[in-house]
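**Student:** Protein chains in written order, with my numbering: chain W, 1 to 585; chain C, 1 to 357; chain F, 1 to 258.
Rather than coming from a laboratory, the hints here were simulated on the basis of the structure. Any given hint could be a false lead.
[Unchecked claim] Residues from chain C that face chain W, not an exhaustive set, calculated with beta carbons under 10 angstroms:
hint, residue
1, Leu27
2, Ile85
3, Glu181
4, Glu189
[Unchecked claim] With a straight-line Cα cutoff of 16 angstroms, these simulated EDC-like cross-link-like pairs (lysine to aspartate or glutamate) come out:
hint, chain 1, residue 1, chain 2, residue 2
5, C, Lys174, C, Glu124
6, C, Lys206, C, Glu124
7, C, Lys174, C, Asp201
8, W, Lys194, F, Glu20
9, C, Lys55, W, Glu469
10, C, Lys174, C, Glu128
11, C, Lys51, W, Asp552
12, C, Lys257, C, Asp267
13, C, Lys171, C, Asp201
14, C, Lys89, W, Glu469
15, W, Lys194, F, Glu27
16, C, Lys131, C, Asp241
17, C, Lys134, C, Asp93
18, W, Lys194, F, Asp23
19, C, Lys134, C, Asp267
20, C, Lys174, W, Glu536
21, C, Lys206, C, Asp93
22, C, Lys171, C, Asp241
None of these values were measured; they are calculated from a predicted model. Cβ atoms here follow ideal geometry from the backbone N, Cα and C, with glycine treated the same way.
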Amino acid sequence: MSSIPLNPGAIGTGGRTRARENYLNIKHTVSSWLLTADHKRIAVLYMISISVMFLFGGVAAAGIRIALVRPHDTFFSSETYNKLFSAHGIIMVFFFLVPSIPATLGNFLLPIMIGARDLAFPRLNLLSWYLYMFGAVLVMGAILFGGIDTGWTFYEPYSSVYSNTNVVAVIVGVFIAGFSSIATGINFLVTVHKMRAPGLTWFRLPLFVWAMYATSIIIVLGTPVVAITLLMVVLERVFGVCVFNPACGGDPILFEHLFWFYSHPAVYIMILPSMGIISEVIACFARKRIFGYEFVAFSSMAIALLGFLVWGHHMFVTGESMYSGMVFSLITFLIAVPSAIKVFNWSATLYKGNVWLTSPLVFAIGFILLFTIGGLTGLFLASLAVDVHLNMTYFVVAHFHYVMVGGAIFGYMAGLHFWWPKITGRMYPEGWAMLSAFIMFIGFNLTFFPQFILGFDGMPRRYHFYPPEFQMWNILSSAGSSVLAVGMIIPGIYFLWSLRYGALAPSNPWGAKGLEWTIPSPPPSHNFDNVPIVTEDAYAYEAIYAAELAGDYSHVEAPIPLGAEAEYSSPAEPSKLPNSSEERQ
Amino acid sequence: MNFPIMPQTASNYAVSIDDIYFTLVALTVIFTGIVTLMLLVFSVRYRRGTKVSRKNPSTGNLYMELTWSIIPMLLGLWIYGWSAIPYSKIYGDPPSNASEIYLIGKRWMWHFQHANSGIRENNELHLEVGKAVKVTMISQDVIHGFYVPALRLKRDCLPGRYNTVWFRPNKVGKYYLFCSEYCGTNHSEMTGYVYVLSPQDYAQWKANGGSEHLAHTLTTVEIGHDLFEKYGCIQCHGAQDNVHGPTMNGLYGTTVKLSNGQSSTVDDNFLRTAIINPQAQRIAGWPAVMSGFPVGSGDGQISEENLLDLISYIKSLGNAQQATVSAAAKASATAAAPSAAHPPKHHVSLATKGQSR
Amino acid sequence: MSLELQHPAVAPQRLSHQFEQIDQQNEIYIVGMWTFLVTEIMFFGALFVALTVYRSVYPDAFEQAHSALNVWLGLTNTFILLTSSFTAAMAVRSKMLGQRVLTLLFLGITIVCAFGFLGVKYVEYSAEFREHHFPGPNFQWSQTVSPSTAQGDLAANSQVALGVPKIGVNEFPANYQPQQLELHKRELFFSLYFVMTGLHGFHVIIGILVLSTLWLLIYFNHPTVDDYMPVELAGLYWHFVDIVWIFLYPLVYLIGKQ
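All chains, please: the whole structure from these sequences, using the hints.
**Tutor:** In structure tokens, the structure reads:
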């Protein structure tokens, strides 16, 4: 074991990445992918799967926006419309947002960031992907052949007694996918606890790892509860047992309690990983240690733990006791504080930085802005009296899309752009990335800002038909959604393009700190030749900062133009050369 | 081109809720503005290569952290306390002069019963401006949500359990009524209107017996009284306690001791259970002989609507002011004949009709 | 178990590629197993919450429904599981000390106990199916009340025709009946009873599969079980299954008895 240089730096060494064996070109057979235990390959498998699911969910969303252009839509029947929004919610929540960052970027980066060769349980990791796929296929089958019309919340007694759609198949699919995220959560918890490289103390961990750790706690504690709750809905449908059905003395409100016990923390499963990404991206491109590292780290933990105590704020109008409403509201206001801490710390990090405006940073800034709005509008809904008016209206829809799309997806995009060179070994076209960031930002606000106003106007959510005076806002929203769609299709195209035509990525294209930037792009299968020994805190950008202010940018490695890799490949490693000419997939 | 930015305001809650709402809007604008300004100014001013002072870059400051933790927290607590006040009113106890309205939600319609006039309506609710009303609601099937944006009022309408809400409409007009909890295929068509009428118009409307064929001249108390006979309740629950059961006189609102040792206040939900499932909470000291009435429309069953009528009647017996009325009712009950004031044709239960969907 | 036992000289251990040291690998297996057990606790936890809530809402009906369960069979099963937990612990110890025959013996007893538990459960379940206590369209409650609980209201309840066949779920609530409601409360209890004991029984079956696999691997001296860790992990899991029952038995069988 030896301490490895944190910046291989010069192109001469970084450029050798192309010539060497890496996790992508080590084997090319299908079975080498489907039976892999390599966390990086599983991350790629996940990335492909969730992208496909995102596409399905996006198509459903497009259907919803088409229907809502007219107050009395005739394009879809009400049954179809209900199935569309249910499909959109179920796919996006359980099959995109929950696994999105943990299972892709988290899977890929967590072991590398802590200097490990793999996750603690590589085969469990692969099992998690298979469970996810099994659940996804089941749910997509159920949705395409018949559909489900309960909404993603599966409220009783509608879901158990009244709905005539494929509730059982969908719930079983969601149940199975739940175990996939439990497997990921267990893996991450154990890995972070037990597999950190020597010298990597808790307070030297990158904040992304802190975020993944907090996320995993929520997954491990919350998912089983919703799994068993949904299982009982299935038992009610299949065997006619009585648990929540009011016809036999059951309490549908108990279902809501158990459902939201998971499903509110699940919101933090979606947003915490994004927050971790933002911390990485901001620190890197500001060339500064993140402002108030400990506060940001602990705020993640505070959010994870407090997140379990606020579920009742979904139920202020259901008839739960007034006093429990007051307690839940109070805790909800308190949980806003750690989020505010994060936002201010990110902003303060940029102060006196040497800010390199790249597309990941633009996405990150977009995240902070939209998340700020999303978070603050959450306070409207936490306010008891205001919630009486706004609950179950489009205000709620707008609020959680600001957090989920503006937050989670912008964070995911920031992370994807930041680590794309590391994952694929290719650079994407920066100009297009900037353009898509701006288009997404504009399209997003155009889509969802009108929905705040619609909600305050009183338009209930899940409405196929609505009073005509709401039409203009809905048209605006639908128009915005097409802009947003364009903003999301562009990255899809240039990412795919970059796989073949992109310039080759050096080890450290951003001049960033962190263990993942010390190894080649794409990383070798075993990540590290020698286990790294960590001797400094996370985000130790002081030297780079000083160098840049002195005009020295040598730590930023330039991409290698396609076709020029031969001149960079090192003759010192002849044994690796046979692989060097192979094109990656 | 119509871009409405807020709903009409037509209840005593609307202004106080709007005040909190717009305060929150202001706070949102201020905080988003601060964050936007910080992000844009810092990332432009300190962008790579600019020649600005970067002396002593800081990576943490306890006082800054405390500032931006404590200020938002105090603001949050202020809003929290402020918003809890109207909330505790909306779902709290109504004023004693509030008139009662019973609401039955079913897929996909709303059925209202005015307790004092007996008028029934479907998907429409007529109210008098300035008069407090208490709505007691129940669902016949899945969870619905009673939502009137102009009143800033929402309450989930649950199966098997009464939920209440009260308000005072204060502006004449016609307002949307929505179902806010997803209830199936025609969820978005489970809508209607709330009409807030001037006192004259309301009196006129009431004198006409409502606006359509659902009109009904018997009050819910009167209907409840007739049902009390029809179902034979009177045999055991007479003017005085007897060996079979307690009298209903003066019962409502009191606290009773139950056979299982617990005690309970006699309210709507208690009576509901006592009628459909008497053994669940029997008052201590009486034998368990009552077998209860099924909820439904068949023979020997009782509809949700009639259940509300019965409760309304029993409630009136518990009210000291109406004690004489109930005594009179009892007198007519012993005569075992419908009085002339209660023509039988009015006993047609429209809720029962509506059930055949 | 004592710490000295954790480094038996006789058991060679295999190190996976992602780990540096065998201690690290073993610790990780243990921590991973405990984390998994935490999720299992949350899994059962939701059901315990539901049971507690409904018990407080319907104390009488639940108390009466309790009386239909066979306490003695439940007690037998408690002893069977406690015994099996002990032998599972002994199996781990024997494996650590490299005593192959003893390990096989103790594992064998654990597996036999697990089958015994399922056997007793089968007797209980079949009695409950016979009496139509399985929730669903065929649920019935015709049992006369046992003398110990034959107080006023319960005696009266037995007069109420509780055995009316249940209506189809889709017809609710057009014609559901109060007697039905009393019936349904008992059905609610039995729903939770069957879900909880069924889920627990499912865990027992998984346990049997795991333990039997281990037994066979050890019997044929397969290299994957040279190390004691697989037995240790299976033991942890088995203790969890035992502990769930330790909570299930009093909450489902005992509480509610006078």
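**Student:** It remains to establish, for every hint, whether it holds in the given structure.
**Tutor:** Hints versus structure:
{"no.": "1", "hint": "Leu27", "in the structure": "holds, 7 angstroms"}
{"no.": "2", "hint": "Ile85", "in the structure": "holds, 7 angstroms"}
{"no.": "3", "hint": "Glu181", "in the structure": "holds, 6 angstroms"}
{"no.": "4", "hint": "Glu189", "in the structure": "holds, 6 angstroms"}
{"no.": "5", "hint": "C:Lys174 x C:Glu124", "in the structure": "holds, 10 angstroms"}
{"no.": "6", "hint": "C:Lys206 x C:Glu124", "in the structure": "holds, 14 angstroms"}
{"no.": "7", "hint": "C:Lys174 x C:Asp201", "in the structure": "holds, 13 angstroms"}
{"no.": "8", "hint": "W:Lys194 x F:Glu20", "in the structure": "holds, 11 angstroms"}
{"no.": "9", "hint": "C:Lys55 x W:Glu469", "in the structure": "violated, 56 angstroms"}
{"no.": "10", "hint": "C:Lys174 x C:Glu128", "in the structure": "holds, 12 angstroms"}
{"no.": "11", "hint": "C:Lys51 x W:Asp552", "in the structure": "holds, 15 angstroms"}
{"no.": "12", "hint": "C:Lys257 x C:Asp267", "in the structure": "holds, 14 angstroms"}
{"no.": "13", "hint": "C:Lys171 x C:Asp201", "in the structure": "holds, 13 angstroms"}
{"no.": "14", "hint": "C:Lys89 x W:Glu469", "in the structure": "violated, 31 angstroms"}
{"no.": "15", "hint": "W:Lys194 x F:Glu27", "in the structure": "holds, 8 angstroms"}
{"no.": "16", "hint": "C:Lys131 x C:Asp241", "in the structure": "violated, 37 angstroms"}
{"no.": "17", "hint": "C:Lys134 x C:Asp93", "in the structure": "holds, 9 angstroms"}
{"no.": "18", "hint": "W:Lys194 x F:Asp23", "in the structure": "holds, 11 angstroms"}
{"no.": "19", "hint": "C:Lys134 x C:Asp267", "in the structure": "holds, 14 angstroms"}
{"no.": "20", "hint": "C:Lys174 x W:Glu536", "in the structure": "violated, 68 angstroms"}
{"no.": "21", "hint": "C:Lys206 x C:Asp93", "in the structure": "violated, 26 angstroms"}
{"no.": "22", "hint": "C:Lys171 x C:Asp241", "in the structure": "violated, 47 angstroms"}
In terms of the numbered hints stated before, the structure departs from hints 9, 14, 16, 20, 21 and 22, listed from lowest to highest.
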